[in-house]
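Dock chains B and C against the given chain A, drawing on the hints supplied.
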Amino acid sequence: MDGPPATPPAPKAPTLGNALHRFANPGRFMRLSGALLPWLAAAGLALSVTGLAWGLVFAPRDWQQGDTVRIMFIHVPAAWMAMGGYVGLAVASFIGLVWRHPLADIAAREIAPVGAVFTAICLITGSLWGKPMWGTWWVWDARLTSVLVLFFLYVGHIALSNAFDDPERAARPAAILALIGAVNLPIIKFSVDWWNTLHQPASVTRLGAPGIHVDILQPLLVTGLGFLFVFAALALLRTRTGILERRARALMAARAAEPAATPSAVAV
Amino acid sequence: MTRKRRRMWIVLLCGLGLGTAAALTLTAFEDSIVFFHSPSDLAEKQVPPGRNIRIGGLVEAGSVSRATDGDRMQTAFRVTDGAASLRVTYRGILPDLFREGQGVVAEGALAPDGSFRASTVLARHDETYMPPEVADALKRAGHWQPGEPPPPAREWNTLQPASAGADTRRATN
Amino acid sequence: MDASFWAMGGHAAFVWPSYAIGVGLILALAILSWRGYAAARDAVARLEADNPRRRRGGER
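Protein chains in written order, with our numbering: chain A, 1 to 268; chain B, 1 to 173; chain C, 1 to 60.
So that you can see chain A by itself, here it is in the shape it has in the complex:
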């Protein structure tokens, strides 16, 4: 901006932005995701079913919580994906905002509903677990409240993404909302350490050894991996849908303009 640059600008330098554009080309994305999706879905289904059946039937009950500990096998993986999904949403929003890449905008829009569903599962199963163990369906402690805020962030993102007639115009405000909401992620994670909460601190990721016996930890990790793959498969499938819808809109716009102008390549 001020003064001549020390080195002559290299227009085709392999910057992050260029790499993104190369790998996130919609055509290439459709081919790669199309090949990956069946495997991701199959692995997610197999691992989730294995982990849940393991947790429900074969895992031991807990010394203090009895059989209600089995709710953990669905509650905790859902919570991981509620937060992991938001990290994905924030990363996609950042890329969309900075590099203006349409694929990132579409991915952000399509991750949000998946994240909202996993957050809802986390909240509902948490409530069903809280009643018999804590003695209450819900309290306004920092952990529960911040996860509810996460749910509303997802819902707000979905609403904002659909608030414009032209979905492309919604991308920027939605991305800003997603990035502002990202401040909630460390609050959720560390709420149980920073403040007194009814919710207990982390078991799996705590310093030192996990506070979960291996017989309970194994099905939890299997289900966690399964949910990760299911989440990725759903997000990928929906992103493919978003790209196809965009292509359909472009084709429709081109057809509307057909009689007047000579057809040009449909940009996607």
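Source of the hints: derived by calculation from the structure; they are not laboratory data. Please note that the accuracy of each hint is not assured.
[To be verified] Quick list of the computed label-pair ranges, beta carbon to beta carbon: (1) A:A46 - C:S4: 27 to 33 Å; (2) C:D2 - A:P38: 55 to 61 Å; (3) C:D2 - A:A46: 23 to 29 Å.
Just so you know, these numbers come straight off a predicted model, no measurement behind them. Glycine included, every Cβ here is placed at the ideal spot set by N, Cα and C.
Just chains B and C now, kept in the frame of chain A:
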């Protein structure tokens, strides 16, 4: 600086500002974010009797006394955080997890006599999960005193108790 | 499966709904997502069939 790079820095700086603002806000409102106060907190803060608050800690071993008052259960126990403890009285049904050594959160107010009159008692459990057989084995072997928190997870999270009554063996970590 | 398995130590009313709601919501989302995908795929195929001159897809 390209436009994309400038946008990246703007977004990152906004994030930094937002993060700082959030951290400051949360620090300022720390008192209302905490879900409960420990008995030590309470002694330090001089909370007037009658004001509705939540207190939390562990149920002191050997402090629980129950009585039936008509058709309702009347329970008295002490809640401790190690440094200070507080006498709590409660009428009603306690959660299943309530027992000596267990975490509890009680909502209510201080009575003029300095005890805490609870209107709600919630159980708070710790973040350890293990099969009952492992818990029994630890207690039998004397590694875990009843009413105390469980021993460090490293000592038991791969423990496979053999048949009942037999010696416990450690699985390789 | 014996009765004690279904009873879940007296907490059946909390354990089973958790699994039902968790699995049900994910399945519902999967079905909706697949339907949306199939609809978009068919719409693009129909539009492309109307424009035979155009190259398929947007690959460069």
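Evaluated hints:
{"no.": "1", "hint": "A:A46 - C:S4: 27 to 33 Å", "verdict": "holds (28 Å)"}
{"no.": "2", "hint": "C:D2 - A:P38: 55 to 61 Å", "verdict": "violated (38 Å)"}
{"no.": "3", "hint": "C:D2 - A:A46: 23 to 29 Å", "verdict": "holds (27 Å)"}
Hint 2 from the earlier list is the only one contradicted by this structure; the remaining hints agree with it.
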